[in-house]
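Participant: Just need the whole structure built from these sequences, with the hints factored in.
Listed below are the residues making up each chain.
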Amino acid sequence: MHHAYIDKFAYQDSAIHRLDSRVKFLVVLVFTAVVISLPRSSLSILACYAIGPFAVLVWAGIPLKFVFKQILLVSPFVIVLALSCPLYDRTPVAVSFGPFSWQSSLGWLRCFVILGKFIVTMLALIGLVSTTRFSDLLAGLQRLGLPRLLIIQLGFLYRYIFVLIDRAHHILRARAGRKLRNLGFKTELRTAASMLGSLFIRSIDTAEHISIAMQARGFDGSWRTLSKLKVRRCDLFFVLTAAVFMSGLYFFIKPILQ
Amino acid sequence: MHMANELLSIPVATGTLAIAAGSLGFICRKVRQVIAAEKLALMGILGAFVFAAQMVNFQLPAMPGTSGHMVGAVLLAIILGPHLAAIVISSVVIVQCLIFQDGGLLALGCNIINISLVPSYIGYFLYRTITNGRFSSLKVYIGAMLASVIAMEAGAILVAIQAAMSGVLAVPLSTFLITMIGVHFLVGFVEGLVTVTVLAYLQQLRPDIVADSLPGTVRLSKNAVLATLGILAVLTGAGLSLLASDLPDGLEWSYAERPDQPGFETVVSNRDSRITAVDDFQSKYSLMPDYSARASKLGDVPDRQADLGAGWTSFAGITGSAVTMAVIWLTAWMLRRKQAS
Chain A
4 MHHAYIDKFA YQDSAIHRLD SRVKFLVVLV FTAVVISLPR SSLSILACYA IGPFAVLVWA
64 GIPLKFVFKQ ILLVSPFVIV LALSCPLYDR TPVAVSFGPF SWQSSLGWLR CFVILGKFIV
124 TMLALIGLVS TTRFSDLLAG LQRLGLPRLL IIQLGFLYRY IFVLIDRAHH ILRARAGRKL
184 RNLGFKTELR TAASMLGSLF IRSIDTAEHI SIAMQARGFD GSWRTLSKLK VRRCDLFFVL
244 TAAVFMSGLY FFIKPILQ
Chain B
651 MHMANELLSI PVATGTLAIA AGSLGFICRK VRQVIAAEKL ALMGILGAFV FAAQMVNFQL
711 PAMPGTSGHM VGAVLLAIIL GPHLAAIVIS SVVIVQCLIF QDGGLLALGC NIINISLVPS
771 YIGYFLYRTI TNGRFSSLKV YIGAMLASVI AMEAGAILVA IQAAMSGVLA VPLSTFLITM
831 IGVHFLVGFV EGLVTVTVLA YLQQLRPDIV ADSLPGTVRL SKNAVLATLG ILAVLTGAGL
891 SLLASDLPDG LEWSYAERPD QPGFETVVSN RDSRITAVDD FQSKYSLMPD YSARASKLGD
951 VPDRQADLGA GWTSFAGITG SAVTMAVIWL TAWMLRRKQA S
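Residue numbers (the numbering used here), protein chains in the order written: chain A, 4 to 261; chain B, 651 to 991.
Some hints could be false.
As the list claims (entries may be wrong) - Cross-link-like lysine-lysine pairs, in silico, PhoX-like; alpha carbons within 25 angstroms at most: (1) A:Lys189 - B:Lys789; (2) A:Lys72 - A:Lys11; (3) A:Lys231 - A:Lys11; (4) A:Lys11 - A:Lys68; (5) B:Lys988 - A:Lys68; (6) A:Lys11 - A:Lys233.
What the hints assert, rightly or not - Incomplete in silico selection of chain B near chain A, CB under 7 angstroms: (7) Gly697; (8) Ala804; (9) Phe839; (10) Leu852; (11) Gly967; (12) Leu985.
These are computed hints drawn from the structure, not numbers from a lab.
Quick caveat: nothing in here was measured; it's all calculated off a predicted structure.
Heads up, the beta-carbon is just placed ideally off N, CA and C, and yes, glycines get one too.
Facilitator: See below:
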């Protein structure tokens, strides 16, 4: 398999990786909410908020190149919407930054604030996902009250994504080997559809085999995990630091920067 | 059309999260009563199938260089029934958010509603109503096509409405709505074509799957769907009409002061000091401060001194943050080098 790279950093080890998954999840959720609720006119406070997830990522040893590549990969929709702001909102604004000051429009300001918020919240999300194994995250989410059926569904899904993507790659390579030119839309569509159809049938057959194997081993629909979740002292310390960081910036730095 | 955090306000995000969580919980409870343990593997693997299916791309006509791929919600809804499809696609959306970082954490509620819940129920309902009765390929064609296009459009319209309700858009709602509907009509059309051809292929190879006999599927009553659709339509209509009027609503007019009529007396006013204090506190520390650009709106007559001061504080904020991050990075780098040596 060539694509297990997406969450490979979750299997490293660091103080951040060892934190309880529930704690990390809730902190990231609150952090995202706080960042989203910041006023839409100030860029500099966003830069201050970026320090938090940045520190976590660096501490956990996640390469920054990977992080920014990942952000770039998911950004098209947001970039299009952000860039549409300057087209529609042309209220002139005098912007000053340090020794420089120039005329701009409110639209550009909004555009940069939207992009800034996107980057900061993405940093936090990547900080969560690339320091927490998915199975730990699921166990934590189950404790937080997600329905068990959904947890089992997510577990199965995660287990088989990469298997089926691999299978799709095989089919794609076979097509690439046989199809040397554009065949016209009708044939292209029919080929793609039979590829999808056979993938679908094979998935259903695989599911049947797996469920027979699991029933043979006594699976009755309940999910048992070995991981023990426990909130330790370092988890509390993390929560405290995060709370001080977020509320400090919110109540003391934000009024100054506005 | 994954919604991002930045396009939502906190009330819309929490509201949609609550709706999505509530309905998912309800569906899970309902399905749990019916489904056998061996179907759990099937659902999980069909979720993974959605990811794999999105890798199978094909060239689109008239637009060289572009390629389309399948989304799969309607196909799953047709084959699994709406409840199971809703759970499967929701889990796909959650994994897209948590592993591929597509769509934000706060926007998860919106994404589950727009991409999973609404399309699977609408798609299923349309397909089943049209293909009711004896199997005919024309009926399957029309049913799957309509189901794909309309399910896709419904999700796209919801995206526009949620963004507009959050007040983030600089683009006028109508422009945004028309763009979304146009783009998603094309996407839905291609999706419909693929769904139809896949269904035709499956009909040839495994007619048992298409003929709604895959064991463990859960069907739902027509009345329930009709009622839900009715409520949804009313809600959407109400939301749209609220948004369509740029004027503040009646209540706001009655207690706000009217700058255009100096003689206007405010109907509701409360001079109680405690209330003013609470108002002050709220406007100072509220999680949803009104968008204000007071300083910048006065751009034509800038107060030079105050303006320069603001420029320097923001300069300090940004450079300070950058320096802090650089220090953090350098420290980590040095620590790691020390460990390595």
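Participant: All hints are to be evaluated individually against the structure, with a verdict given for each.
Facilitator: Verification of the hints:
no., hint, result
1, A:Lys189 - B:Lys789, "holds, 20 angstroms"
2, A:Lys72 - A:Lys11, "holds, 15 angstroms"
3, A:Lys231 - A:Lys11, "holds, 22 angstroms"
4, A:Lys11 - A:Lys68, "holds, 14 angstroms"
5, B:Lys988 - A:Lys68, "holds, 22 angstroms"
6, A:Lys11 - A:Lys233, "holds, 24 angstroms"
7, Gly697, "holds, 4 angstroms"
8, Ala804, "violated, 18 angstroms"
9, Phe839, "violated, 12 angstroms"
10, Leu852, "holds, 5 angstroms"
11, Gly967, "holds, 3 angstroms"
12, Leu985, "violated, 10 angstroms"
In summary, the structure is inconsistent with hints 8, 9 and 12 from the numbered list given earlier, while agreeing with the others.
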